[in-house]
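Peer 1: Go ahead and model the full structure; you've got the sequences and the hints to work with.
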Amino acid sequence: MVSLPADEEAVDGSDGSDGSDGSDDAVADGPVPGDLDAVGRARYLAGVMAEIDDEVRRRRSSGDLPPNLERDLDQLFLEFSPVGSQGHARLRETLTLVDSSAFIDIAVPVESQKQAGTYVKRLIRKTISWYMGFIVTQITKFGWAVSRMFHLVVDHVEELEREVATLRPPELPDGAVPVADDASRWWAADAVDALRGTDGRVVHADCGSGSLVALLVEAGVDAYGVDPDDLALAPAIDAGLDVRAEPVLGHLEVVEDGALGGIVLSGSVQWLHPADRQRVVELAGARLADGGVLVVHSSTPEAWLRTAPPLVADLAPGRPVHADTWSHLLAAHGVRTVSVRTGGEDRRLERVDGTSDGAEVVNAAVDLVNELLAGPSEFVLVAARER
Amino acid sequence: MRLTFVTPRYGTEVIGGAETAARMLAERLGRHPGWDVDVLTSCSLDHLTWENTEPAGTTSLNGVTVHRFPTASRRLLEYFALDGRLRVSPATATLEQSRRWVSLNGPMCPDLVDAVAGSDADVIAFYPYLFATTVDGAAVARVPTVMHPAAHDEAALYLRAFRDCFRSMDGFVYHTQAERALVEQVFSVGAHPQVVLGLGVNDPAGDGRAGGDLLGIGDRPYLCYLGRVDEHKGCTMLAEFFARYKERHPGDLALAMVGPVSAEPPDHPDIVVTGTVSEADKWDILRDARVMVSPSAYESFSLVVLEAWTVGVPVLVNATCAATMEHARRSGGGLWFGSYRSFEATVDRLASDARFRADLAEAGRLYTERFYRWDSIIERYGAFLRSVVARGHKENAGARPLPLITAGAAYERGA
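Keeping their order, the protein sequence lines are chains A and B. Take the first sequence: its position 214, counted from the start at 1, is 1018 in this note's numbering, and no numbers get skipped. Take the second sequence: its position 352, counted from the start at 1, is 362 in this note's numbering, and no numbers get skipped.
Quick caveat, the hints were computed from the structure, so don't treat them as lab data. One thing to keep in mind: the hints can contain errors.
[What the hints assert, rightly or not] Now the stretches of chain A that chain B is said to cover, found in silico as 3 or more residues with beta-carbon under 8 Å:
no. : segment
1   : 871-881
2   : 990-1001
3   : 1060-1073
4   : 1149-1159
[Unchecked claim] Sample of chain B residues at the chain A side, in silico, Cβ under 10 Å:
no. : residue
5   : T63
6   : V193
7   : R351
Just so you know, these numbers come straight off a predicted model, no measurement behind them. A virtual CB, placed ideally from N, CA and C, is assigned to each residue, including glycine.
Peer 2: Shown next, in the form of structure tokens:
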């Protein structure tokens, strides 16, 4: 429940006529949408609309509007709406249009402004009713069969949607994921070097503030960026860069095969759900032109365990995988690994002086700790699409 | 930098729509130093008949050079029959059927297409996607091209005849992110250079007269619809919803429908239909409205939503319209309705709460200020066009002209 400026003024439609229209009442202070950031405004508005939806449900259950009239009004709205415009949620509503159109009325209106006209129309209707009745009965049967089939399909789709929803990981809270400033990272130069001279457009996902896109453009690369967080993109938009608020998977789905000269994957790509990661790999292989370059930056799995923010570590749908795993996945789609370099924070323990007593045992333990817990925290993998 | 717009209609007589957006951009950009802007268009101002009403040749309009070319065919009745057939399942229409639809939709202007082929402009901007001038022009252009699709989720967008046209473009300029997502999904052009630009909002004008006086309703509060009064703009639905609302909520509230009338809504004592009004009257009526309602599900940008915010009026939009929903959601400047019930509840909420309305309108005003000031729009547009020019033109190999269809009965207005 959000705090609204006019909670106490919310419409009480219990009697169906609150007399509210037109009255300009003074209201209590509350949050001003204009003072909020974009996320805050979206939440505020979602809260208001949730309250209005509750009000709609309450009024609907009160039965204060005759069901037939409400259905007619809703159909009027649907007539002037794109079919399925709100995805599967409107399947059921759209189906009501099919249902209402399935019956064909044979009782053609005969009213006329002229008295003789009514008589003539009635005569025509009566004369051909045997013919029309035969035809219309068959068409109506067909309409009902189609309608029945659609009902079964919608039932099935809704059942599948419910099952899929149970598999969906919870959303990461806003702000849980730090925005990457990739150009200041150790691997930015590797990415620029790998992509310099690339023939075709290069996309960076997630591009964040667009710093790596800017470096690539400076190096003469025709680069653009995508990022699911549209707030993070603001500096890039202000800088005139070609960036879009899209997740990497959604973006690669709407690119032609062979259209990209290069792809840089970083940020949230590393903790995609395994099925989504697999789809990204497939699409990357398809969308890269022959000889196209792929750069993957990721945390190492070991570093992820010790450095990921708790919420991200617990709620992220997937986990980073090793560079070898990326190589294996990419190779299956015609993208061969060229190089892997590690970097980032390195917290390896130093070995002790080998001449001191027990040094061999201690160093063996140090090596083991380094290998398991304290190795390089990130890697950058460069691969190329086979020609 | 020399920019040529290609648009099916052009002129101050063309109210609303993509062609007006093209004119606004052309005039604004043409005033900037370093830009030389001209327009290639038809001799027609009527998109229903394509009748040649303007003289062919070159004129100047508000500082922009306009080259007009005659249409070679009026709209034929065959268009409506084919449109009805293809509308059911546009994606399954054959390429030849869909090319015939584009040709019949017109305007077919062979001389304009020749002018595009011979153009030595730095860049050509096609605006919007829907017409034969865009499809035929894009096929023959030899310089960098951008398209302002002005697309929304309509049957024609799925016709195969548009596929090569979209893919041949060197860049896209979108009104909204929703439009970009739609176009990318339908045509797989996600890798093309693009910018989500929108349009700038003019400074509010008006003579300071009371909107209620102009409407003849005195001090009564009112909701306002601005634009062409047309069934397909949701006006019939809005009038019916409002009439039901008034049955259940008697009171002073009125509805003003302001704009040229294509389809008269049902008579109702609380609904005022003004017909076309002057720009000053429009702003005066809008400024005093309680809420600006946008009932249309098919908007690609909706400038009036932004205009309402600039004069402190919140908006109520159709929940199935991607463009206006994007404005409302991103700005926090309005509510939406997806049924009669939610129309009733949102109108109740908005009409009863002045502070809430003011808060919404202020959020909308900030959003408009941030994204839709003309100076920043023009700066971003110019930078984008320069980047497209720098990349050069991708040849559209294999493109062929649309069939010119002249045989058949012509559509007559009012017939």
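Peer 1: At a Cβ distance under 8 Å, does chain B reach at least three residues of the segment 990-1001 of chain A?
Peer 2: Our answer is that it is violated, as 0 residues pass the Cβ test (under 8 Å) against chain B, missing three.
Peer 1: Counting residues of the segment 871-881 of chain A with a beta carbon closer than 8 Å to any beta carbon of chain B, are there 3 or more?
Peer 2: Per the Cβ count (6), the hint holds.
Peer 1: In terms of beta carbon proximity below 8 Å, does the segment 1149-1159 of chain A have 3 or more residues touching chain B?
Peer 2: violated (count 0)
Peer 1: Given a cut of 10 Å on the nearest C-beta pair, is the interface hint for T63(B) held or broken against chain A?
Peer 2: With a minimum Cβ separation of about 31 Å from chain A (threshold 10 Å), the hint on T63(B) is violated.
Peer 1: Checking hints one by one. Is V193(B) an interface residue toward chain A, by the C-beta closer than 10 Å rule?
Peer 2: Result: holds, 9 Å to nearest chain A Cβ.
Peer 1: Is the listed coverage of the segment 1060-1073 of chain A by chain B valid when you require three or more residues with a beta carbon under 8 Å from a beta carbon of that chain?
Peer 2: holds (count 3)
Peer 1: Return the status of the interface hint for R351(B): holds when the least beta-carbon distance to chain A is below 10 Å, violated otherwise.
Peer 2: holds, 4 Å
When the structure is compared with the earlier hints, violations turn up for hints 2, 4 and 5 and for no others.
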